[in-house]
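A.B. asks: For this one, chain A is given, so just place chain B on it according to the hints.
For the record, the sequence lines run as chains A and B. Taking the working numbering, the leading residue of the first sequence gets 1, the next gets one more, and so forth. Taking the working numbering, the leading residue of the second sequence gets 1, the next gets one more, and so forth.
These aren't lab readings, by the way, just hints derived from the structure by calculation. Each hint should be verified, as a subset may be incorrect.
Claimed, not checked - Quick list of in silico lysine-lysine cross-link-like pairs, BS3-like style, CA-CA up to 25 Å:
1) B:K214 with B:K297
2) A:K258 with B:K214
3) B:K126 with A:K225
4) A:K225 with B:K282
5) B:K313 with A:K258
6) B:K197 with A:K148
7) B:K197 with A:K258
8) B:K214 with B:K313
9) B:K126 with A:K258
10) B:K16 with B:K289
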Amino acid sequence: MKIAVCVEQVPDTETRVRVAPSGAAISEADVQTWIVSPYDEFAVEEALRIKEAKGGEVVLVSVGPERVQQALRNGLAMGADSALHVKDEALDAADTLGTARALAAAIRTLGSVDLVLCGQQGVGGDHSQVPGMLAELLDLPQVTVAVKIEIGDGQATVEREIEGARETWTTPLPAVISAQKGLNEPRYAALKGIMAAKKKPLTVVDLAGLGLDAAAVAPRVRVTKLELPPPRPAVRMIEGDAAAQAQELVRVLHEEAKVI
Amino acid sequence: MPGILTFAEQRDGKLKRASLETVSEARRLAGPLGASVTTVVIGPGSEPLAAELTAQGADRVVVFDDAAFGSYATESYARALAQAVGEAKPSVVLVPFTAMGKDLAPRVAAKIGAGLASDCVGLEVKDGRLVARRPMYAGKAYATVEWSGEPQMATLRPNVFPLGPKDAGRAVTVARATVDASSRARATSVTATAQGKVQLAEAQIIVSGGRGLKGPENFQLVESLAEALGAAVGASRAIVDAGWVDHQLQVGQTGRTVSPSLYVACGISGAIQHLAGMSSSKYIVAINKDKDAPIFKVADYGIVGDLFEVLPKLTEAARAHRASRG
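With the rest of the complex left out, here is chain A:
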């Protein structure tokens, strides 16, 4: 099986977000650690498990500036075979559709791919759009928010979780499947893997190399302003013993906050 995994590099979830001087983006200078988006890690792990069970090849694909190569090396250190980095200044302002177009074009260059795995959401942008867009652009079926994937003969059985229910879907392969938390426990890259990753092929390609131009990825949606949430009012501590605290809390929630 040839499996393509889309990987996004995002600020560590511990990051305290600050707004850049432009007022319309986060301040990257204040991001201390960049990581592979946690949902994409589940996708990489799942690809490796499928490869270990069925044989094949795992190719990582990422769109972004120079720094995303660190995320790709992380995935290679986990065990992926090669990586493709789509790097082009025109993509800096790309929205989800532009990103999906670049990823789709990059995946097409890989030849016949049996499975495309993505995280269900990039942590940070929180759009949850690229997997579905990618499936449409590649004319493939999609199954999103997967918590279990079983690969059969030319098809996959996928369990997905939605509000209050667990669904089982079947899809022919190739397909795009997006990973939800709960799918697996991603492995840590061992030292041996980290050393081996340095020698694995990492190819860089620009939009022209994919047969795209800047117009194809021009954003239709853009952030014009980014703000931190307003500070919350000071806390009011409720004193007394447990019974008195409980009585008083119920009283204020009913009489003052009017929420119960």
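C.D. replies: Chain B only, in chain A's frame:
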């Protein structure tokens, strides 16, 4: 006349509340945009839903009332919605950000080449165009989003947009539509995992537990309080990762971002990923034994105390309160 098109999710012949919220918001925006509202419903039993959607604000309801659309499938629903958009040529397309909308909207956006803003919590009209507000970084920041070109497509967070008054006197206009209902990926079975329980995304009140509970066997203290308050149950990432509860309950970054009217954090210290996911709640109560826990920085009401004493008393008081109100 420019148009707004909304997608209304129904399952088993019942409209999701988020579908009505989306129509209601479309009705509100229709004024400043000078637009009419078309609503699309897909699935058998859709046509009878037109009356309710019309009362909530739709001018015209397009129904794909066909048994072939019996269970949700991404490709067939996307084809239907894209066809309806192609015919109505709206300037704005609104979809609820439910599990279905989250799966459906991106595929439709790619089909019709629309810019899509996800999980919007506010929509306004500026110079005849839509402007959206949406959380990023799980709520650590809020973005103002604008579109170039049309249609301007957005998904709306459930439970945020108010339901306007219903007007049963509005004339119902139904258009029946049909399209190829095939889909390569399909649901083969559905199992309810939380029957009868309040869902996190739609909950007005959420009671969440964290590591302060000391062990999975004590999570029932949180469940009892939730039941007494008619609330959904949530959890911190720490106890999800420790395997105490299912990850579906996780609130915060890599879990769910929630904004109920009341959030009760029990034994949750308040890691930045957790605070991001719940600090837009209207009221926050924190119960923790450590008076310096970061959770108190976002809380409106705080109780420093032993969960094992406070939670049973609070459950008792909440039950008594409920009983007194009948």
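A.B. asks: Take the hints in turn and mark each one as holding or not.
C.D. replies: Hint check results:
1. B:K214 with B:K297: Given pair B:K214, B:K297 holds - Cα atoms ~23 Å apart, limit 25 Å.
2. A:K258 with B:K214: 31 Å, violated
3. B:K126 with A:K225: 15 Å, holds
4. A:K225 with B:K282: With Cα atoms ~23 Å apart, A:K225 and B:K282 stay inside 25 Å; holds.
5. B:K313 with A:K258: 20 Å, holds
6. B:K197 with A:K148: 24 Å, holds
7. B:K197 with A:K258: 23 Å, holds
8. B:K214 with B:K313: Between B:K214 and B:K313 the Cα gap is close to 18 Å, so the pair holds against 25 Å.
9. B:K126 with A:K258: Between B:K126 and A:K258 the Cα gap is close to 34 Å, so the pair fails against 25 Å, i.e. violated.
10. B:K16 with B:K289: 40 Å, violated
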